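Asker: So the chains spell out like this:
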Amino acid sequence: MGRSIRLVVVALVTALTVAACGGKEEAPPEAAAPSASAPQVVDDGTLVAGEKISAPKGEVVLTVTGDIGTANKGRRLEFDLASLEQMRRVRLEAAEPFLKRRVMFEGVLLSDLLAVAGVPDSASKVSLTALDDYKVEFKVADVRSSQMLLATKADGKHMPVDRSGPIRIVFPDSSSLGRNPDLWIWSVSSMKVA
Amino acid sequence: MPDPGRVLRRRRSPLVLALGGVLVALVLVVEVLILQAYANVNRTTAIFGEQSFLNSSLVNAQREAVLLEDQIEELPATGDLKGVTIRRGLLGNQLFQAEGQSRDPRVAQALEQARRDLAIIDRHLARLKADPGKVSVRAEVAVMQPAAHRLAVGIKQLFDAKEQGLFGAVSQALDASRSSERLLVGLSGLVLIVGLALAVSLRQRVRKDFARAYQALTAEVEERKAAERALRASEERFRSLVQNSSDVISIVDPDGSVRYHSESVRRVLGYDPAELVDADPLTLVHPDDRERVARFVAEAALRPGVTPAETWRVRHRDGTWLHSETVAANLLEDPNVRGLVLNTRDVSDRKELEAQLVHQAFHDGLTGLANRTLFTERVEHALARSGQGDTAVLFIDLDDFKHVNDSLGHAAGDQLLVAAARRLQGCLRPTDVAARLGGDEFAVLLERVSDAEAAAAVAARVLDTLHQPFGLNGRTIPIKASLGVAAGRPGADDADELLRNADVAMYAAKAGGKDRYELFHPDMHEDMLQRLELEAELRHVADRDQLVLHYQPIVELASGRVTRVEALVRWDHPARGLLPPPAFIPLAEEQGLIGPIGSWVLLQACLQARRWQDRFPEAPPLSVHVNLSGRQLEDQSLVDEVVHALEISRLSPRHLTLEITESVLVSDVEAMSARLRELKGLGVLLAIDDFGTGYSSLSYLRRFPIDMLKIDKAFVDGIGRGREDTALAHAIINLSHTMQLHTVAEGIEQAEQAGHLASLGCQDGQGYLFARPLDADAMTELLATSLADGGFQLPMAQPAGALPV
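Listed in order, the protein sequences are those of chains A and B. -5 is the number of the first residue of the first sequence in the working numbering; add one for each residue after it. 146 is the number of the first residue of the second sequence in the working numbering; add one for each residue after it.
Source of the hints: derived by calculation from the structure; they are not laboratory data. Where hints are given, some of them may not hold.
[Claimed, not checked] Below, computed lysine-lysine pairings styled on DSS-like, alpha-carbon distance capped at 25 angstroms:
hint, chain 1, residue 1, chain 2, residue 2
1, A, 129, A, 119
2, A, 186, A, 129
3, A, 151, B, 274
4, A, 186, A, 67
5, A, 51, B, 353
6, A, 51, A, 186
7, A, 186, A, 94
8, A, 151, B, 227
9, B, 227, A, 67
10, A, 186, B, 227
11, A, 119, A, 133
12, A, 51, B, 625
13, A, 51, A, 151
14, B, 227, B, 279
15, A, 129, B, 227
16, A, 133, A, 186
[Claimed, not checked] Only part of the chain B face toward chain A is listed, based on derived beta-carbon distances under 7 angstroms:
hint, residue
17, 228
18, 231
19, 234
20, 235
21, 242
22, 245
23, 247
On a predicted model such as this, the values are computed, not experimentally measured, just so you know. C-beta atoms are modelled at their ideal positions from N, C-alpha and C, and glycine is treated no differently.
Chain A on its own, in the form it takes in the complex (with noise of 0.2 angstroms):
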């Protein structure tokens, strides 16, 4: 008798317990394949923090303004992609949330920037504007800490406005905040240092 019931409890206990157990291991489906893969420096480029910067010859794709520490138009900083891609370049393979699938991207540390354009330790903020205006605002510290880069080409191709060009913000796998798809800003056109 003193078998049967623990054999009816044993049997309950597993059943529930597969079942708890299932619903925290159905994981979603959209969880991303993790990849050791993080920036590696392509080139050690020429532009580095300190150093002036000219004013861009071609069109310009960024525009740094806020609190910077150089400035090439006025008080704003301008860049085309000759310019940027003059800073160390930075190859990432990550993934990319609204295509879903892998892309190997390659740009420049947004950190570099904030060094390159001079950037105090002071600065607690950068707010990023796109073409279509939209916005995101990032933490100083967590551009500095998560490796988040912008991205000029992606699969060696520099990317037109109808693909998310001409430049973009693209995290590592490894970064939390890349987790939410909104900070993916494509199109970037405009940066403000606060």
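Following the hints, position chain B against chain A.
Answerer: Same frame as chain A, but now just chain B:
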């Protein structure tokens, strides 16, 4: 008593099993349903996420499309070609993203349409960019604007459709999940109910099991208690047994020291139990037994088990010695004892009894002399011993003891035996052994007697000692005995043989007239054998017609006429011829065979007398004399027999004379007197036979109703030879006359004697002078020839004075 563990391990209940099965099935179903519901929710969420993603893309695309349409419409005014280009890029990006979000063909179709419209816009934008001055902005716009409008509308329609679909799917999924939830709730309720039922039934079962187990446990506890009580009771019983036992129970260590004595030691040995503990118990044991006791204890300690009983002597506190019997049980291995348990009892009484029994087994209870067993053993012992001189045995048998026993009673007989035994022992040496072999038989063992003569001297002494008068019941009786003496050589003769020889010699003494001893000689065996043979034959003599009566006439001396005849019995022995009464009558008396012989004689004599009376009616009736032995007179049936004989023969009593001897009258005067009066009462005559030879006492002539005296031949023989004898005969005849008794003289052989007797006044005579005893025929013939003048006139018996020829 059920085992509590087995009570709990019991068969399964079908109800509980069924409930359990249902519960398990329900839980599994619920599990499956939960998983399914969860999968549904996930799928719904996924669909929702996907749709919402698409929708947000479509919303954005819709916005960009409207903005693009606006900017294109404004283009002629603003000339912002770059802004339109950027807007168109943003729109393109949104559509590109939306394209990857859905596999819906409607979406693909709408996007395809959008791409075609974008291509139109791109183509015209390119013409404007390439040559802004040559082409009409308005004209280009007029082409681009409807495309952009179519784009915006198409995207809006798609969005509306998708949004509606999304809500429909969501509500459907929700409906499905709601119904599955209802099912789940229902099933969960069922699980709850079944579980509850299971729980209740389990609880009942557990309760029942518990109750049963409790019951079993209680029963077991009770049982143990009972067992403990029983054990305690048994212990108390045993303790009480040990303490109250009449035996002394002791526990002794293997070294012999006493650890415990039971209470009974106080009663048996007179000691306090505590006094003896730790003392050496051997000090109480008789010194001669100590070594044996020590060995007994040592041996008992060697091996487990119970020893055979051993007896020894133990001193009582008062100094007396007891015989104790002890059994030892070796309980050294028993952890409760670790010692020898000795069980000792006082067997003094038994020992005494045993000794008594041994004495009884070898001694005669009445006289205290050795019995036959011991005597035989002693004789054997004496014969086996290589001693100097002969070993002799005296065999003693009291004469006429039966007579004493019968007439004076057994108590008197016993007194006589005791006195005889005492006298016997008084005249023996200490080394001689006297024994009573049974009845009135005694024996004496004489060791180291020089020869048979010496033994005979002892026999003579024994006879003398016995002869001394012995007072019994106020009378003085001499003890008489017959002795046989037999001598044997040590190592040569056998005890039984020696005793037998002495016995034979004793018989010879008896046969030789009693009150004497005989030395054994081998011829006696032959005599003895003949005697025994005769004895055997005598038993049947009356039946076998071997008895014969002879008749001797008794003559009236004055007339010479035969007036009476004496019947004399003869044994016509087939081998030995005619035997006279002394050859077999004493033997018959001794063997108790006289009865039938006497009856036969009485009857035959009467019949014959009657026959003669009938034959010679002219002569005076002939009387017949019949001899009675002492034994016959003692027999109460004698009177009846006489009556019977008279009746059968029709003989007149006065023609029957019974002759008795003087010695018969001595034994029991009262009884004999009564018996004789009875006989006399019948009318028969009584005669004293052999008068003058026995213990003649004239007083009995007065006391007994005697009619006739028969003067013994001894007196008759003396008549005419000397004066004294003649005077004696004369005196007897005179006495008879005085007492008015008839006289008969016996054994007359000469005519002078007859004449003399007749002159003395003796009436009748009997003897060879007249006739020898004749058989019936010869007697008849004699009577017939002598019949003359109305009487039987014998020719030789002339009247007094007339001498035979």
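Asker: Compare the structure with each hint and give your call.
Answerer: These are the hints, each one checked on the structure:
1. A:129 / A:119: holds (13 angstroms)
2. A:186 / A:129: holds (11 angstroms)
3. A:151 / B:274: Status holds; Cα separation ~24 angstroms.
4. A:186 / A:67: Satisfied, since the Cα-Cα distance of roughly 15 angstroms is no more than 25 angstroms.
5. A:51 / B:353: violated (98 angstroms)
6. A:51 / A:186: Cα-Cα ~22 angstroms, so holds.
7. A:186 / A:94: The given pair, whose Cα atoms are some 30 angstroms apart, is violated under the 25 angstroms limit.
8. A:151 / B:227: This hinted pair holds, its Cα atoms lying about 22 angstroms apart.
9. B:227 / A:67: holds (21 angstroms)
10. A:186 / B:227: This hinted pair holds, its Cα atoms lying about 23 angstroms apart.
11. A:119 / A:133: holds (5 angstroms)
12. A:51 / B:625: violated (195 angstroms)
13. A:51 / A:151: Answer holds: residue 51 of chain A to residue 151 of chain A is near 21 angstroms, not above 25 angstroms.
14. B:227 / B:279: Judged against 25 angstroms, a Cα distance of about 18 angstroms means the pair holds.
15. A:129 / B:227: holds (21 angstroms)
16. A:133 / A:186: holds (12 angstroms)
17. 228: With a closest approach of 9 angstroms, the residue 228 of chain B hint is violated.
18. 231: holds (5 angstroms)
19. 234: Holds, because the Cβ-Cβ distance from residue 234 of chain B to chain A comes to roughly 2 angstroms (cut-off 7 angstroms).
20. 235: For residue 235 of chain B, the interface hint holds, since the closest Cβ of chain A sits about 5 angstroms away, which is under 7 angstroms.
21. 242: holds (5 angstroms)
22. 245: Holds, because the Cβ-Cβ distance from residue 245 of chain B to chain A comes to roughly 5 angstroms (cut-off 7 angstroms).
23. 247: violated (12 angstroms)
The structure fails hints 5, 7, 12, 17 and 23 (numbered hints given earlier, in ascending order).
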